[in-house]
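Dock chain C against the given chain L, drawing on the hints supplied.
Protein sequences appear in the order of chains L and C.
Numbering that gives the first Met the number 0 applies: residue 0 is where the first sequence begins, and numbers increase by one.
Numbering that gives the first Met the number 0 applies: residue 0 is where the second sequence begins, and numbers increase by one.
The hints are simulated quantities; they were obtained by calculation from the structure and are not laboratory data.
Computed from a prediction, not measured in an experiment: that's the story for all the values here.
There's no promise every hint is true.
[Unchecked claim] No more than 27 Å apart at the CA atoms, straight line, and that leaves these computed lysine-lysine pairs for DSS-like:
1) Lys484/C - Lys189/L
2) Lys531/C - Lys434/C
3) Lys328/C - Lys167/L
4) Lys167/L - Lys189/C
5) Lys296/L - Lys531/C
[Unchecked claim] One side only, chain L facing chain C, incomplete, derived with CB under 7 Å:
6) His181
7) Ser198
8) Ser205
9) Pro303
10) Asn304
11) Glu327
12) Met333
13) Met335
Beta carbons are placed, not taken as given, at the ideal position from N, Cα and C, and that holds for glycine.
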Amino acid sequence: MSTVPADIAGIGATSLKLRVSPGFDPLKAGVGPDEYFLLSRIDGNLSVREVLLNSGLPVDRGIAIVTRLRSIGALLLPGESAAPSSAAPVPAAGTKPPPRSAVGTARHKDKLAHDLNLSNPTPEELAALEEEADLDDGERRLILTLERLLEKQDPYMLIGVSQGADAKTLKRAYFLLSKEIHPDRYYGKKLGSFAGRMSHVFEEISRAYARLTTADKSRASSSSTAVRTSEQPQTPQEYAAELFERACQLEIGGDPMGAMKLFAACVRMDPQLKYLRRATSCALAAGQPRSAVEYAKKANALAPNDVSSTRLLANAFRQAGKLSDAEEVLLMAMAMKNENDVLTIELKNDLAEVRRLLATP
Amino acid sequence: MASDKVIGIDLGTTNSCVAIVEDGTPSVIPNRGGYKTTPSMVAIAENGKRLVGHIAKRQAITNAENTVYAAKRLIGRKWGSAAVRSSLEIMPYRIVEGPHDDVRIMLRDQVFSVPEVSAYILQEMKLISEEYLGEEVQKAVVTVPAYFNDGQRQATKDAGRIAGLDVIRIINEPTAAALAYGFGRNIERKVAVYDLGGGTFDISILEIGNGVFEVISTAGDTFLGGEDFDRRIIDWLVFGFEKQHGIDLRKDKMALQRLKDVAEKAKCELSSVKETEINLPFIISTGRNEALHLQTMLTRDKLEELTSDLIDRTVEICARTLEEAEIQKSQIEDVILVGGMTRMPRVQSAVAEFFGLEPCKGVHPDEVVALGAAIQGAALTDEKSDVLLLDVTPHSLGIMIVGGYFHKLIEQNTTVPTSEQHVFTTVKDNQTSVKILVLQGESDRAEENELLGEFVLTGLRRAPRGEVEIEVMFHISADGIVSVKARDLETGLEQSITVTATSGLTEDEIKKMVEANKDYMVEVRSGQEFDKARHAAEKALEEIEGLFPQVTDIIAGSDFGQDAVKKARAVVERTRQAIAAKDLTTLTEATEALNRTLNMFRGVVSKTRG
Numbered sequence: 000m001s002t003v004p005a006d007i008a009g010i011g012a013t014s015l016k017l018r019v020s021p022g023f024d025p026l027k028a029g030v031g032p033d034e035y036f037l038l039s040r041i042d043g044n045l046s047v048r049e050v051l052l053n054s055g056l057p058v059d060r061g062i063a064i065v066t067r068l069r070s071i072g073a074l075l076l077p078g079e080s081a082a083p084s085s086a087a088p089v090p091a092a093g094t095k096p097p098p099r100s101a102v103g104t105a106r107h108k109d110k111l112a113h114d115l116n117l118s119n120p121t122p123e124e125l126a127a128l129e130e131e132a133d134l135d136d137g138e139r140r141l142i143l144t145l146e147r148l149l150e151k152q153d154p155y156m157l158i159g160v161s162q163g164a165d166a167k168t169l170k171r172a173y174f175l176l177s178k179e180i181h182p183d184r185y186y187g188k189k190l191g192s193f194a195g196r197m198s199h200v201f202e203e204i205s206r207a208y209a210r211l212t213t214a215d216k217s218r219a220s221s222s223s224t225a226v227r228t229s230e231q232p233q234t235p236q237e238y239a240a241e242l243f244e245r246a247c248q249l250e251i252g253g254d255p256m257g258a259m260k261l262f263a264a265c266v267r268m269d270p271q272l273k274y275l276r277r278a279t280s281c282a283l284a285a286g287q288p289r290s291a292v293e294y295a296k297k298a299n300a301l302a303p304n305d306v307s308s309t310r311l312l313a314n315a316f317r318q319a320g321k322l323s324d325a326e327e328v329l330l331m332a333m334a335m336k337n338e339n340d341v342l343t344i345e346l347k348n349d350l351a352e353v354r355r356l357l358a359t360p
Numbered sequence: 000m001a002s003d004k005v006i007g008i009d010l011g012t013t014n015s016c017v018a019i020v021e022d023g024t025p026s027v028i029p030n031r032g033g034y035k036t037t038p039s040m041v042a043i044a045e046n047g048k049r050l051v052g053h054i055a056k057r058q059a060i061t062n063a064e065n066t067v068y069a070a071k072r073l074i075g076r077k078w079g080s081a082a083v084r085s086s087l088e089i090m091p092y093r094i095v096e097g098p099h100d101d102v103r104i105m106l107r108d109q110v111f112s113v114p115e116v117s118a119y120i121l122q123e124m125k126l127i128s129e130e131y132l133g134e135e136v137q138k139a140v141v142t143v144p145a146y147f148n149d150g151q152r153q154a155t156k157d158a159g160r161i162a163g164l165d166v167i168r169i170i171n172e173p174t175a176a177a178l179a180y181g182f183g184r185n186i187e188r189k190v191a192v193y194d195l196g197g198g199t200f201d202i203s204i205l206e207i208g209n210g211v212f213e214v215i216s217t218a219g220d221t222f223l224g225g226e227d228f229d230r231r232i233i234d235w236l237v238f239g240f241e242k243q244h245g246i247d248l249r250k251d252k253m254a255l256q257r258l259k260d261v262a263e264k265a266k267c268e269l270s271s272v273k274e275t276e277i278n279l280p281f282i283i284s285t286g287r288n289e290a291l292h293l294q295t296m297l298t299r300d301k302l303e304e305l306t307s308d309l310i311d312r313t314v315e316i317c318a319r320t321l322e323e324a325e326i327q328k329s330q331i332e333d334v335i336l337v338g339g340m341t342r343m344p345r346v347q348s349a350v351a352e353f354f355g356l357e358p359c360k361g362v363h364p365d366e367v368v369a370l371g372a373a374i375q376g377a378a379l380t381d382e383k384s385d386v387l388l389l390d391v392t393p394h395s396l397g398i399m400i401v402g403g404y405f406h407k408l409i410e411q412n413t414t415v416p417t418s419e420q421h422v423f424t425t426v427k428d429n430q431t432s433v434k435i436l437v438l439q440g441e442s443d444r445a446e447e448n449e450l451l452g453e454f455v456l457t458g459l460r461r462a463p464r465g466e467v468e469i470e471v472m473f474h475i476s477a478d479g480i481v482s483v484k485a486r487d488l489e490t491g492l493e494q495s496i497t498v499t500a501t502s503g504l505t506e507d508e509i510k511k512m513v514e515a516n517k518d519y520m521v522e523v524r525s526g527q528e529f530d531k532a533r534h535a536a537e538k539a540l541e542e543i544e545g546l547f548p549q550v551t552d553i554i555a556g557s558d559f560g561q562d563a564v565k566k567a568r569a570v571v572e573r574t575r576q577a578i579a580a581k582d583l584t585t586l587t588e589a590t591e592a593l594n595r596t597l598n599m600f601r602g603v604v605s606k607t608r609g
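Chain L with its partners taken away, still in its complex shape (with noise of 0.2 Å):
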């Protein structure tokens, strides 16, 4: 297995944080599954070492797809505002306006990030554009281009942000979209099929920013590095396999800390019993007592009558503190008979352990 080189043509250091240009369409530049798949990967918070090494693909398709989505303008570099002309077959790229300021006006459309050109219309989008409704062409096509934008499931996309923009950023975009879009700038005015539409449209935008700034939160609170698993890769079994391997090494490297790392996408993609009592080991040997109770927890409720996964268990709740539950454990290890002796004796030696670190306050 190759390691990931300090520097790749073309990009620079690896251990650069790269995002995903905004209005960068995934879909209109038609990018392959594992490209898609390693894009959806990059978040702006991880460096392309991680984003290569957490994916699971070799490392040189890596380097091969990451090269490949900066030749399309799909990657920023840090402090770059948008992708090299040069090459920059995205569609929507072009006409994208310059970043908005927070002074408003009455009417910000001009202002927003989302293209209206609207191409191939429907018929029915050609009828909306037509019919007798209070609203000018501009409104239209940003109700109906938002309408399109929901297909994609992509909550940035909508709100017209790049892929993890800041809470500030997002706050002015759902602002600013707010005023365009929300029923109330449009009270007591003839709608047609666009008071359904608009409502729709905003309530699904409010929405996203709900969930978005919820994640927020909760990315703020924890300092997780892990793989995120918003999408799936395709099979990721021999992902998992994969990682595995390589969470291995790490371990018998001596490296317990990354290896649970490992271990713990490896769980997330196919939570196999192996997996599992591998990660709680690490993080029993890494001094990650809490990790370690979910992981044995989970190893458990796959395989209750296992005496060593108990065993593990009860390891975990001991250094995680909590030793009437570890006492609890290994009483129920021990009454499970089994057939190697070895396995009892140790069982012994550990209850005696709980019970007297229980003895002392």
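Using the frame of chain L, we list chain C on its own:
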């Protein structure tokens, strides 16, 4: 000629205020006497004439029984509610039961509904603005406390209609205050609005930016306000008088009205001075043709002592609201004080202490709400307005499900307009109809929430329970109107209602309905976590109890066998307690341990058999 202007009315518990936006500038409209606020009082004089506002207040002492104040405390309330019960004791006017479990007020043999009384006040505000504008006014935005439920909001709208006003929108008082605070200023910040008025306390958190006002969270107490402060003073005076003379002043309606006036006056004075004299000569006759006088000193310290728990309560609500919205105190950049009670120095210092910053002094606590209402009126009707209010639904909405539980579809503090749907199933074999009870509130139990409406969906296919799926859809429009639709997913048959008025049902009646309709209920297909957890726990408990004797026999003799049995007993007990306490977190934890024990039991038994 009728104007298309929209006035903003703050219909307060003790005082009301009207404002309008002209040429982009909001201003309060003074009444004939030049006052910017008008007492929310209505009286019927001896000659049968109706008196509203200052005139009503002036004659309140001599005509206490026929003068209504604080009608806002009664609007949209059920006769059986605690709010009405306590009003019965303290209001000098007669409160009687209406035909729909509602509240009526009796003034000189005439019976008035509460919306009617409120309508007289709204009509007065309409007149004040018409005199000022020189044209007829038809449209208004009226404010209510944030914690008003749907019934109270509908009743307020009804009052508007009776007064000849088209109430185009009801908005929350703290929201209105924030609109007035942020109007015309290019600011971008999170603010808290602390609104302690005559009868209610509200706290709202808003995000302001680029002319958009987004309500993030709102909460409050509909029965905590300036009147409670007055009552503490009255109680103190009454208690002191009774100790001295052995006479309960509350039994005399006129004395009570005089006490009320003097308490309110003393409270206001103590905002600027350290002590004040209370002097009520000839307060009551002893019956031996001899009059008694009430004379005493009230200090600011004493007032603060009498009311400290009330202020503490408001601070607790603030803390809870922030916590629920997951907002740190430090994120709040300004605090806006609203309501006459916020003039009290102790209130100001408590707020400053809690938020760690001095409250904003730029807004007038009595006028800011009406100004905000007028700004929202202009935002809806004036092309040039650059204001957008993103309001939220103040209470959760959902339906009743089997067992009398409340299943929420829309959570409180969700931005409106919004819609939500969920699939439910039948609870009985061959059930051909379902009854959808639309409820509002936060309790898990259906009967503890407010019933907004009900309808029946019939013509379902005869099938085993759980097979027929019914989709229930909720929609709240931007103006807060709730509509609910239920659809049989198989046949596409639909039934729907738009909630327009309260049903006027009491808790008992809902309880009876739960019982009577239990065969027509729906069940949640997924979700309702506690119930699910309880079911799972109860099943495990049952199995474990069955295995106990056998397992005890087998393992009791082995090493640590006794200990293991004792532990298992403890786990069973822990689960039972969690069920009784209805605590989902503890139950989840206990069930986890219970399942471990159960698995061990199973293992022990099967191995011995094999």
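- Query: Would the pair Lys167/L and Lys189/C pass a check requiring their Cα atoms to be no farther apart than 27 Å?
  - Reply: holds, 12 Å
- For the hint on Ser205/L, just tell me whether its beta-carbon gets within less than 7 Å of chain C. With a closest approach of 4 Å, the Ser205/L hint holds.
- Mind checking the CB of Pro303/L against every CB in chain C and telling me if the closest is under 7 Å? holds, 3 Å
- Item | Restraint satisfaction for Glu327/L [CB to CB of chain C, less than 7 Å] | Cβ of Glu327/L sits 5 Å from chain C, so the hint holds.
- Status of the Met333/L interface restraint (C-beta, 7 Å, chain C): The hint holds - Met333/L has a Cβ within 7 Å of chain C, the shortest such distance being about 6 Å.
- Message: The hint names Asn304/L as touching chain C; please verify it with the least Cβ-Cβ distance against 7 Å.
- Response: holds, 5 Å
- Keeping to a limit of 27 Å between CA atoms, is the pair of Lys296/L and Lys531/C held or broken? holds, 20 Å
- Distance restraint between Lys531/C and Lys434/C, which requires alpha-carbon spacing of 27 Å or less: At roughly 22 Å apart (the allowed maximum being 27 Å), Lys434/C and Lys531/C satisfy the hint.
- Message: Is the interface hint satisfied for Ser198/L? The criterion is a beta-carbon contact with chain C at less than 7 Å.
- Response: holds, 5 Å
- Item | Hint validity - His181/L Cβ closer than 7 Å to any chain C Cβ | Result: holds, 6 Å to nearest chain C Cβ.
- Query: Does Lys189/L lie within 27 Å of Lys484/C when you go C-alpha to C-alpha?
  - Reply: holds, 25 Å
- Task: For the hint on Met335/L, just tell me whether its beta-carbon gets within less than 7 Å of chain C.
- Result: holds, 5 Å
When the structure is compared with the earlier hints, no violation turns up for any of them.
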